[in-house]
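Need the complex rebuilt from these two chains, each delivered in its own frame; the hints are there to steer you.
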Amino acid sequence: GESVGLHLPTLSVQEGDNSIINCAYSNSASDYFIWYKQESGKGPQFIIDIRSNMDKRQGQRVTVLLNKTVKHLSLQIAATQPGDSAVYFCAELNAGNMLTFGGGTRLMVKP
Amino acid sequence: DAMVIQNPRYQVTQFGKPVTLSCSQTLNHNVMYWYQQKSSQAPKLLFHYYDKDFNNEADTPDNFQSRRPNTSFCFLDIRSPGLGDAAMYLCATSRDQAYTQYFGPGTRLTVL
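Chains as they are written, first to last, in our numbering: chain P, 793 to 903; chain Z, 2 to 113.
Isolated chain Z, as found in the complex (with noise of 0.2 Å):
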């Protein structure tokens, strides 16, 4: 089945210590987006790929970055995580802008 795959599901780090969550697609989708999802509270978007070229939402932290090597993949980099970064992160993608966008099962992330 085609799907968005993320790994891993759970993830502990320390305060401060880089962390790199991965996400694939199997849809050949042409955008993929990061989320940062907190307790009782909707996704919130940090940026988002449109094919090569990346789109970062203004209120994102500097502290986020992201990569997409290609189409299939795209990976979400916290250089030095706070207990403030400690949440879901959620990777989607759609076919194209204006298009639904489909959920990956998401990374449970703990700052220690």
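Here chain P stands alone, though its shape is the one from the complex (with noise of 0.2 Å):
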């Protein structure tokens, strides 16, 4: 069946450093695509999504990178800091106009 998967369950980055969070996702349908950060006992908040007509999308220290051609994302955070520890989700928009979330990526910043 349709999927979205995270090919890392566990990233852990230097303080300063840039971070990249992959995920995989096998609906070359698919059109909408968001990454979600969720804290440790907090609900998941959005940080940033893309349309599969663009392939990349900026926002603040985070930028997401969409590969339609091999049916992956990815989330980049510059100058990583230990607020952004937590675990990244990625989600795509199902046939249904569900979210299909991926397993998740543990991001851990040590300073």
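Keep in mind the hints are simulated off the structure, nothing from the lab. Heads up, some of the hints might be wrong.
[As the list claims (entries may be wrong)] Residues on chain P that point at chain Z, a partial pick, calculated with CB under 10 Å:
| # | residue |
| --- | --- |
| 1 | 801 |
| 2 | 834 |
| 3 | 879 |
| 4 | 892 |
[To be verified] Straight-line C-alpha distance at most 25 Å; calculated DSS-like pairs for lysine-lysine:
| # | chain 1 | residue 1 | chain 2 | residue 2 |
| --- | --- | --- | --- | --- |
| 5 | P | 834 | Z | 39 |
| 6 | Z | 45 | Z | 18 |
| 7 | P | 902 | P | 834 |
| 8 | Z | 39 | Z | 18 |
| 9 | Z | 45 | P | 863 |
| 10 | P | 834 | Z | 45 |
[What the hints assert, rightly or not] Derived coverage of chain Z by chain P (criterion: at least 3 residues anywhere in the stretch with Cβ under 8 Å from a Cβ of chain P; other residues may be distant):
| # | region |
| --- | --- |
| 11 | 31 to 44 |
| 12 | 97 to 110 |
Predicted model, so just to flag it, every value in this text is computed and none were measured. All C-beta atoms, glycine included, are put in the ideal place defined by N, C-alpha and C.
See the structure below:
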């Protein structure tokens, strides 16, 4: 079936370095993707989204890249800070207009 | 600030004792969702309301019910909680289907 998955369950980076979190999706018809950040004990927080008519979108310190050829999505965080430590989920809007979440990547920022 | 509010943040219930979780929103969004999230897993959609229309996911147990008395409020009723129902329950809203979903802080349910 269709699925959205992540390559790395845990990513550890040094404070100040850039982070890259990856996500693979299998439904080539998907046209909307979202990245969420979830801190411990809290609900997922919207970070950034991208539609399939774009291949890059930038926010404040974050960039999402979409490669439709290989069905790959990535989230880049510039100058990673301790407050960025969280679990990051990619999500894909499926054919029923519901979100399908990937498995999550835990980002750990070392001081 | 417009937001999604969930009450209570922590709920403890006994095995088999009915429990109701509450969600309210000030965003005036048409769609409200309930998700179940277990430790180290992604949120799993239980059901959603598009306005007053209820949409149940195929694999959501009958033990889980929902009510949406008005645009602002939505409730999750667990009729006979089992130990396996212990989880974080997340409410989310979106302006319409195919739009970004905004999540509340969640209710952590413990079943004794």
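Please list, smallest to largest, the hint numbers that this structure does not respect.
No numbers; nothing is violated.
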